[in-house]
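So the protein lines, in turn, are chains A and B.
Residue numbers are given in UniProt numbering: position 243 of the first sequence equals residue 243, and the series is strictly consecutive.
Residue numbers are given in UniProt numbering: position 623 of the second sequence equals residue 623, and the series is strictly consecutive.
If you are wondering where the hints come from, they were derived from the structure by calculation, not from laboratory data.
Hints are all accurate, no fakes.
It does not matter which identical chain is used: a pair holds within one copy or between any two.
Here are the simulated DSS-like pairs of lysine-lysine, each with C-alpha atoms no more than 30 Å apart in a straight line: (1) K730 with K172; (2) K606 with K104; (3) K473 with K223; (4) K606 with K172; (5) K167 with K730; (6) K133 with K223; (7) K223 with K480; (8) K317 with K480; (9) K660 with K705; (10) K402 with K412; (11) K353 with K606; (12) K595 with K730; (13) K104 with K730; (14) K705 with K661; (15) K705 with K730.
Just so you know, these numbers come straight off a predicted model, no measurement behind them.
Protein chains: 2
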Amino acid sequence: MAASSSLTISQSLVGRAISHHGSADRADHAAAALPGFRLSNLAGRSLESSSLRMASRLRPAIHRALPRATVRAAAVEALEKTETSMVEKSVNTIRFLAIDAVEKANSGHPGLPMGCAPMGHILYDEMMRYNPKNPYWFNRDRFVLSAGHGCMLQYALMHLAGYDSVKEDDLKSFRQWGSKTPGHPENFETPGVEVTTGPLGQGIANAVGLALAEKHLAARYNKPDMEIVDHYTYAILGDGCQMEGIANEACSLAAHWGLGKLIAFYDDNHISIDGDTEIAFTESVDTRFEGLGWHVIWVKNGNTGYDEIRAAIEEAKSVKDKPTLIKVTTTIGYGSPNKANSYSVHGSALGAKEVEATRQNLGWPFEPFHVPEDVKSHWSRHVPKGAALEAEWNAKFAEYEKKYKEEAAEFKSLISGVFPAGWEKALPSYTPESPADATRNLSQQCLNALAKVLPGLLGGSADLASSNMTLLKMFGNFQKDTPQERNVRFGVREHGMGAICNGIALHSPGLIPYCATFFVFTDYMRAAMRISALCEAGVIYVMTHDSIGLGEDGPTHQPIEHLASFRAMPNILMLRPADGNETAGAYKVAVLNRKRPSVLALSRQKLAQLPGTSIEGVEKGGYIISDNSSGNNPELILIGTGSELEIAAKAADELRKEGKKVRVVSLVSWELFDEQSDAYKESVLPAAVSARVSIEAGTTFGWAKIIGSKGKAIGIDRFGASAPAGRIYKEFGLTVENVIAVAKSL
Amino acid sequence: MAASSSLTISQSLVGRAISHHGSADRADHAAAALPGFRLSNLAGRSLESSSLRMASRLRPAIHRALPRATVRAAAVEALEKTETSMVEKSVNTIRFLAIDAVEKANSGHPGLPMGCAPMGHILYDEMMRYNPKNPYWFNRDRFVLSAGHGCMLQYALMHLAGYDSVKEDDLKSFRQWGSKTPGHPENFETPGVEVTTGPLGQGIANAVGLALAEKHLAARYNKPDMEIVDHYTYAILGDGCQMEGIANEACSLAAHWGLGKLIAFYDDNHISIDGDTEIAFTESVDTRFEGLGWHVIWVKNGNTGYDEIRAAIEEAKSVKDKPTLIKVTTTIGYGSPNKANSYSVHGSALGAKEVEATRQNLGWPFEPFHVPEDVKSHWSRHVPKGAALEAEWNAKFAEYEKKYKEEAAEFKSLISGVFPAGWEKALPSYTPESPADATRNLSQQCLNALAKVLPGLLGGSADLASSNMTLLKMFGNFQKDTPQERNVRFGVREHGMGAICNGIALHSPGLIPYCATFFVFTDYMRAAMRISALCEAGVIYVMTHDSIGLGEDGPTHQPIEHLASFRAMPNILMLRPADGNETAGAYKVAVLNRKRPSVLALSRQKLAQLPGTSIEGVEKGGYIISDNSSGNNPELILIGTGSELEIAAKAADELRKEGKKVRVVSLVSWELFDEQSDAYKESVLPAAVSARVSIEAGTTFGWAKIIGSKGKAIGIDRFGASAPAGRIYKEFGLTVENVIAVAKSL
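Please model the entire structure based on the sequences and the hints provided.
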């Protein structure tokens with residue numbers, strides 16, 4: 001460790017040897033770290049290396065820190081002004097930009113940015129490769145603030161680095177209507193923010209997805225002489241993220257997959273909203289992560305131990321077969337004399353008085369939002385550096401394109417999101433004579449057909465591949481040693497799976513991740529699915545066993561309210577195809593909607609191929625599959641979705657035999673139907689026809705809007721039951737006979 | 001270890017020294033186990049101890065097992081018939097009851113029961129204290145099959161033990177309509193089943209809740225001379241449960257709380273639905289659990305190592321300050337010559353041919369569902385034993401009642417669910433002159449008032465106590481060393497929190513667990529909440545920050561579709577109170593609904609106390625808070641919930657100034673309103689009045705049923721935004737002005 005002996009002492013003191021953290025043995029990790037700045041042996045790092053050397057020259061010679069009992073006092077004592085280096089000045093700039101923005105908004109979380117400013121500085125100023133003027137440059141390092149409430153850290157860093165999305169005015173409109181600096185990081189608002197975080201644990205799982213995408217693309221497209229895919233994924237997560245189950249799920253997979261270029265900083269500050277983490281979080285995170293298979297490093301002085309942080313990152317980079325967790329012990333709200341190391345600095349503005357005291361304490365004489373000229377000038381190199389990095393990569397790619405034409409074309413499609421022309425022709429089509437089949441099987445036909453024409457389609461199931469029917473037959477398993485393959489095995493980790501897919505989708509526009517489980521278990525991953533919708537990640541959710549039709553597994557496994565609950569969610573497509581053509585249509589829609597996730601509800605049981613269904617119909621969300629009336633004036637409209645469309649069609653046949661004029665409508669996606677013109681909607685569901693019966697093996701909640709006050713909805717407004725599917729259908733009245741009876745009652 | 005040297009060898013072979021399990025050092029745990037059967041030093045165990053001794057006499061002298069490569073062959077070789085002991089005969093009875101039931105149903109999961117029959121036998125026949133004829137006897141040991149798909153294991157054990165809920169006919173109607181033996185364990189169908197499992201990870205978290213309840217009640221009611229609360233909680237979880245994040249959350253808390261009487265068996269069989277767990281699950285579970293703070297024991301031969309299993313349980317009981325994980329390495333489908341140790345035995349019937357081969361292999365000449373007479377006779381002691389255990393406890397409690405009158409009365413209320421008369425009078429009431437306040441604060445007033453009169457009210461928040469306002473001021477924190485307290489600190493573990501509360505609620509009818517987070521984060525715990533609804537656990541979900549009204553945190557934190565998504569869920573009450581009286585009403589409803597969970601959506605922002613609101617109104621779900629019309633014939637009905645009821649009331653005031661006849665309806669709970677008589681509903685929302693406007697800061701999805709085809713719904717059908725709340729309300733049209741404008745447009 002390239003540190004003075006005084007640093008070593010302070011480290012062990014600041015490290016707070018609390019027994020329950022049980023990780024004194026982590027110290028030797030840091031001690032074993034590389035003694036200086038090793039130049040990376042990867043290509044294209046020359047610019048970064050020089051900046052590293054520069055930063056290393058500037059690092060402060062003396063660090064001070066204090067024992068546990070006086071940890072707050074550590075923040076109180078100002079660093080000696082005369083020794084303030086550029087690094088510390090930059091770090092304090094970051095702290096005060098966060099303090100000032102939160103203060104102006106009178107809302108936000110200053111504590112994390114104040115504590116994590118040192119690691120943030122080292123990442124954005126010394127370690128990461130990016131182009132501020134093109135936040136979408138493909139080969140950039142990815143950064144994820146999993147502890148998203150600390151977003152002012154990222155905004156401050158992006159501001160210093162020269163991103164156009166975070167100008168001074170944007171900092172001043174933090175958390176205001178229409179600003180680019182919302183209360184949590186949102187990729188769709190702020191170019192340069194990779195993913196949308198805030199809900200805890202999501203970010204680290206997104207980061208696993210980003211790192212998976214890098215490893216996958218690197219394996220597919222890099223050549224021994226030309227590494228065109230080569231970046232790190234960095235994340236900062238806090239105690240809150242660590243407590244969330246999703247983080248454990250995703251981190252277990254990260255180690256299983258050997259994602260060596262994933263480097264996560266654990267902001268170990270011992271404070272969460274309810275106070276000291278002692279009250280609810282006394283596990284040894286280090287031991288747990290070692291059990292998961294991560295490389296673990298402990299930086300005991302995250303407040304001023306710049307060299308420790310640097311050395312930890314270098315060590316992490318040297319471990320290529322495992323992801324690394326760098327536990328960085330910090331003081332939340334570092335610098336605030338009266339609020340540091342307490343929950344009061346976590347999620348509220350410091351208040352004018354304490355801001356002033358903090359300015360005094362850290363020796364910061366500047367006005368709010370001021371960036372000192374020398375700090376500005378120090379950071380100004382990132383714009384030319386970023387441009388050079390991108391230009392260098394572009395040149396390399398031009399060479400690659402010459403040498404590896406086919407791969408380059410495919411790769412361009414992946415990073416641009418422009419699909420090969422005519423891809424949709426690969427989708428299968430069916431006639432009423434085609435054999436009856438479960439839509440989960442028809443889904444597998446679509447997936448396998450699409451995988452041949454869409455190079456970015458990859459995914460898998462949460463340990464239900466053979467039930468969800470999601471295996472791509474021409475590919476093997478994405479694993480540590482076979483990362484070029486496209487079948488991802490998520491294990492029984494639905495929530496992690498969803499968030500990992502969000503990361504994959506947001507890595508490159510042409511990547512189309514799909515993931516699968518039983519429809520009812522969307523409940524396990526709903527938080528990730530909502531973020532798919534919010535952050536515009538076009539994940540395809542392949543959800544089989546979509547109703548009581550799954551039979552014997554019983555009510556724990558039978559969705560009831562799930563269709564309604566996704567129809568109610570913004571910016572997500574809920575699709576429930578009825579047969580082969582509709583399943584193909586659902587996939588067409590899902591692939592085309594790259595900024596809107598799709599949920600496909602698919603049957604376990606066999607369904608007939610129905611006359612009248614079509615891909616085009618699905619694209620409209622609702623359409624007529626059969627009608628024996630004329631003049632847009634049927635006596636009765638029967639409306640079904642998925643497996644119940646067949647029941648509606650059979651009931652219509654019977655009623656027509658009695659001379660009734662009956663229309664049958666498939667309402668495969670309410671959202672898409674809603675988006676059609678009023679004229680089209682009137683042509684399908686004419687206002688004058690109030691005799692409407694819907695049938696769907698799920699809650700009737702929401703159907704009133706479709707059937708009107710005079711219509712009747714046949715559905716299930718209770719939990720299901722364990723029995724063979726046919727029996728449950730009968731007991732619950734989801735039968736041709738009941739549709740006919742209800743229709744006649746109108 | 002009290003085992004022959006041949007056993008030691010076979011153990012190490014069966015143990016399959018796979019490097020990724022990295023737990024060779026666990027062997028010494030087993031080696032350190034107690035050499036024989038130690039009599040428990042806890043009271044009331046005499047019967048059990050004698051049964052233990054009997055079982056120990058009967059244990060087989062020789063065990064055979066084979067190295068990894070021939071693990072399946074291990075199942076092939078039949079145990080030598082002449083040495084088959086009663087234990088093995090009982091274990092095989094369990095196996096074949098499971099095989100036969102699954103075969104008859106042609107549906108189900110034989111693999112787990114076949115592999116876990118030995119631990120199941122030892123638990124139900126040797127270790128556990130229960131009364132088969134009174135499954136609800138308070139002081140019974142609790143058993144949770146977290147790997148619920150293996151429910152035939154539990155049904156077979158309960159059948160042998162003499163539970164009335166699982167007679168031979170029930171086994172024969174496994175997974176059939178109306179049977180008491182559904183496809184996964186369901187407490188509401190099968191007395192003797194403690195909780196509802198199947199969705200993986202839920203059960204172990206329920207078990208944490210059961211063990212918490214035991215520790216809490218023991219601390220409150222036990223006396224040095226009289227331990228009336230004293231039972232273990234046992235669970236079996238599989239690889240699937242271990243992968244789920246919820247299990248990690250709950251297990252982290254179990255160790256934090258020092259739940260020493262929680263003993264979990266990890267069925268380490270290396271097989272999940274997708275095949276060998278190698279493909280997605282290579283972490284060291286042992287190391288992770290040590291990191292979490294558990295005591296970990298590895299039983300290497302779970303197939304025939306009866307003594308190892310017994311010794312592990314005794315060791316677990318001797319560790320009183322930590323929960324214990326007993327990793328039991330088993331062979332899934334043990335006994336099936338061609339399907340053991342493969343995924344094909346996980347979730348499908350073996351098929352007639354393989355059933356026959358398994359009968360041959362295990363030397364089982366009997367007809368399907370046959371229980372040999374000696375096995376029957378062996379198990380027959382559990383009925384008198386259980387009766388004696390309960391009688392003994394009843395006698396002890398009678399003594400307790402004499403000595404500790406007050407405690408006994410309270411305790412009886414807790415175990416009976418009969419609340420102290422007049423408890424509801426403790427609820428606060430408000431007048432329009434009472435100060436405006438956020439319903440989250442009013443909720444805290446209710447919680448604190450109720451905690452004084454309801455001894456079973458306990459709960460807390462997922463690290464948001466000071467935001468959710470859930471602290472009970474007269475109590476301290478439930479912690480390892482202060483288990484008598486009633487504020488539970490869940491950390492940032494929403495999913496675990498919900499499932500733990502299910503366990504608490506199902507432990508004793510008088511326990512009323514509540515738990516809290518931001519409303520949007522119900523997405524993290526929805527699977528547990530759905531099981532609350534399904535398993536009839538009356539958990540109170542205190543969900544604050546219930547709309548865009550939370551302001552700056554932005555769309556990741558702002559619920560939109562959540563009200564609708566719970567209204568669509570069966571058997572759960574969605575309550576959105578508007579002020580103090582409605583909040584009190586919501587709590588009254590929530591407390592009274594012991595078999596139906598309640599979700600209370602509460603505001604972050606201050607709300608006025610409205611004229612016309614009432615507890616009685618809330619109990620009806622929807623009611624008129626003001627009206628200037630007569631004859632049940634207003635010109636206009638404005639309908640609001642929660643924070644928007646105030647907007648509706650103000651809009652009505654304005655419209656009335658213009659001479660309009662306007663009714664304002666609070667629709668605080670759609671489910672309760674639905675349950676009212678048609679006459680009552682007509683008195684609130686007369687069919688003849690079609691001019692209806694609803695206002696709610698959430699999706700309009702579902703409102704069509706209330707407002708009819710001519711009404712208009714004001715709501716939010718997009719994601720929220722980060723800005724001060726007032727601004728978002730205005731931008732989204734949730735204003736008095738807009739209500740008036742929309743009303744006039746009708």
